[in-house]
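K.L.:
Residue numbers (our numbering), protein chains in the order written: chain A, 1 to 217; chain B, 1 to 217.
It should be emphasised that the hints constitute simulated quantities derived from the structure, not laboratory data.
The model shown is predicted, which means the values in this text are computed figures rather than measured ones.
A few of these clues could be false.
Copies of the same chain look alike in the list, so a pair counts if it works inside one copy or between any two.
[As the list claims (entries may be wrong)] Result set (SDA-like, lysine to any residue): computed pairs, CA atoms no more than 25 Å apart in a straight line:
1. Lys93 / Met82
2. Lys93 / Met1
3. Lys93 / His16
4. Lys93 / Arg75
5. Lys93 / Thr120
6. Lys93 / Gly113
7. Lys93 / Asp112
8. Lys93 / Glu123
9. Lys93 / Val63
10. Lys93 / Thr28
11. Lys93 / Ala43
12. Lys93 / Pro122
13. Lys93 / His42
14. Lys93 / Thr181
2 protein chains.
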Amino acid sequence: MIFTPQERDTLYRVIHQRRDIRHFSGGTVATDVLARIITAGHAAPSVGLMQPWRFIRITDRTVRQQLAAVVEQERLRTAEQMDQQHDDFMRLKVAGMDACAELLAVVLAPDDGTVFGRRTMPEAMALCSAACAIENMWLAARAENLGLGWVSFFEPQAVASLLHCPPEAQVIALLCLGPVTAFYDRPMLEAEGWRERVALDQVLTENSYPQDETIAR
Amino acid sequence: MIFTPQERDTLYRVIHQRRDIRHFSGGTVATDVLARIITAGHAAPSVGLMQPWRFIRITDRTVRQQLAAVVEQERLRTAEQMDQQHDDFMRLKVAGMDACAELLAVVLAPDDGTVFGRRTMPEAMALCSAACAIENMWLAARAENLGLGWVSFFEPQAVASLLHCPPEAQVIALLCLGPVTAFYDRPMLEAEGWRERVALDQVLTENSYPQDETIAR
Numbered sequence: 001m002i003f004t005p006q007e008r009d010t011l012y013r014v015i016h017q018r019r020d021i022r023h024f025s026g027g028t029v030a031t032d033v034l035a036r037i038i039t040a041g042h043a044a045p046s047v048g049l050m051q052p053w054r055f056i057r058i059t060d061r062t063v064r065q066q067l068a069a070v071v072e073q074e075r076l077r078t079a080e081q082m083d084q085q086h087d088d089f090m091r092l093k094v095a096g097m098d099a100c101a102e103l104l105a106v107v108l109a110p111d112d113g114t115v116f117g118r119r120t121m122p123e124a125m126a127l128c129s130a131a132c133a134i135e136n137m138w139l140a141a142r143a144e145n146l147g148l149g150w151v152s153f154f155e156p157q158a159v160a161s162l163l164h165c166p167p168e169a170q171v172i173a174l175l176c177l178g179p180v181t182a183f184y185d186r187p188m189l190e191a192e193g194w195r196e197r198v199a200l201d202q203v204l205t206e207n208s209y210p211q212d213e214t215i216a217r
Numbered sequence: 001m002i003f004t005p006q007e008r009d010t011l012y013r014v015i016h017q018r019r020d021i022r023h024f025s026g027g028t029v030a031t032d033v034l035a036r037i038i039t040a041g042h043a044a045p046s047v048g049l050m051q052p053w054r055f056i057r058i059t060d061r062t063v064r065q066q067l068a069a070v071v072e073q074e075r076l077r078t079a080e081q082m083d084q085q086h087d088d089f090m091r092l093k094v095a096g097m098d099a100c101a102e103l104l105a106v107v108l109a110p111d112d113g114t115v116f117g118r119r120t121m122p123e124a125m126a127l128c129s130a131a132c133a134i135e136n137m138w139l140a141a142r143a144e145n146l147g148l149g150w151v152s153f154f155e156p157q158a159v160a161s162l163l164h165c166p167p168e169a170q171v172i173a174l175l176c177l178g179p180v181t182a183f184y185d186r187p188m189l190e191a192e193g194w195r196e197r198v199a200l201d202q203v204l205t206e207n208s209y210p211q212d213e214t215i216a217r
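Construct all of the structure, not just a fragment, from the sequences and the given hints.
P.N.:
Encoded structure:
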């Protein structure tokens with residue numbers, strides 16, 4: 001099928017209005033909406049058609065609380081490494097597990113030995129496939145007018161243990177999903193003065209890597 | 001802004017019709033179209049707003065030929081590891097560098113030391129950010145009615161050398177982009193009988209990792 005210019009522009013609006021959300025307003029996500037979002041993730045590309053992603057919906061209140069405690073612990077450990085940025089960091093909201101309607105864990109399955117397309121980069125290509133699934137879900141959530149935030153503040157072994165993952169599975173995300181009162185109009189870290197977006201011409205070159213790269217942290 | 005159900009459905013059609021394309025029909029990609037696609041990549045989420053992606057547009061014919069040679073070498077090395085699947089593998093088309101209108105390399109920049117959101121998973125979270133950028137570009141290409149294929153058949157050091165990347169940069173993708181005569185109606189590896197898509201209920205559970213996982217390769 002051919003997409004029209006209007007449909008193309010719709011996709012671009014979703015892409016450019018997607019935000020990493022930390023502020024949720026409670027509520028619920030309808031079953032069919034949640035199914036569409038997860039199905040979008042499962043439609044992602046994967047190297048050698050591995051489909052290495054596993055989605056775990058957290059419905060048990062105790063498990064959610066335990067996961068939130070793991071995230072809070074990591075937030076404090078991160079703060080310890082922030083030096084002069086410590087106070088600014090502690091003012092930021094880095095997770096939305098307190099008020100998100102749904103919480104999903106995304107886990108990279110144990111390596112199934114696929115060689116196709118990943119002989120030279122086995123771990124990276126499996127990881128990238130799972131990340132593509134999450135980006136699909138992120139865009140799907142935005143088009144459903146729901147917020148989604150990828151929380152990566154955790155000790156992966158601690159989360160894996162709470163979710164009874166096999167030894168070689170790797171938890172890569174806790175996704176907070178749900179209604180919001182507002183979408184940020186720009187990345188929260190930019191709005192908070194934490195870091196800026198760089199201009200496109202700083203990340204785009206022809207035929208060779210950018211010379212004299214000077215992107216500030 | 002609020003997306004309508006029609007706009008939401010448009011996104012889902014793009015997501016479900018996106019394919020990993022190997023068969024291109026030559027031609028060109030207009031400058032403004034290419035700019036929109038790369039801008040969509042640059043609008044991806046990134047951990048700590050690192051924006052670790054670098055996009056290199058390959059316009060030099062010699063460089064493209066050298067990259068194609070690196071890919072062909074890896075294809076043959078992969079075939080050697082395929083055992084009884086060797087002949088089936090050699091019949092597959094695993095790259096589209098012969099006829100794609102545009103060739104882009106995506107490179108993970110050298111680590112900038114960001115701690116935010118990646119203290120426990122520094123490499124994985126940078127990689128995942130770059131993969132989200134590629135998924136955005138993939139969906140953008142589909143909505144522009146162009147094919148895109150992520151080629152990962154290469155020795156990353158060989159590509160890094162050809163593109164003059166700094167020592168700690170990591171090439172993760174060669175993206176073939178351009179007009180096609182047709183989009184596959186299902187993943188090429190599935191259509192070719194190489195591997196099947198798994199049912200959603202095999203990758204989705206509640207509160208704990210799937211028990212007794214039996215997904216076939």
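K.L.:
Output the indices of the hints that this structure fails to meet, ascending.
P.N.:
none
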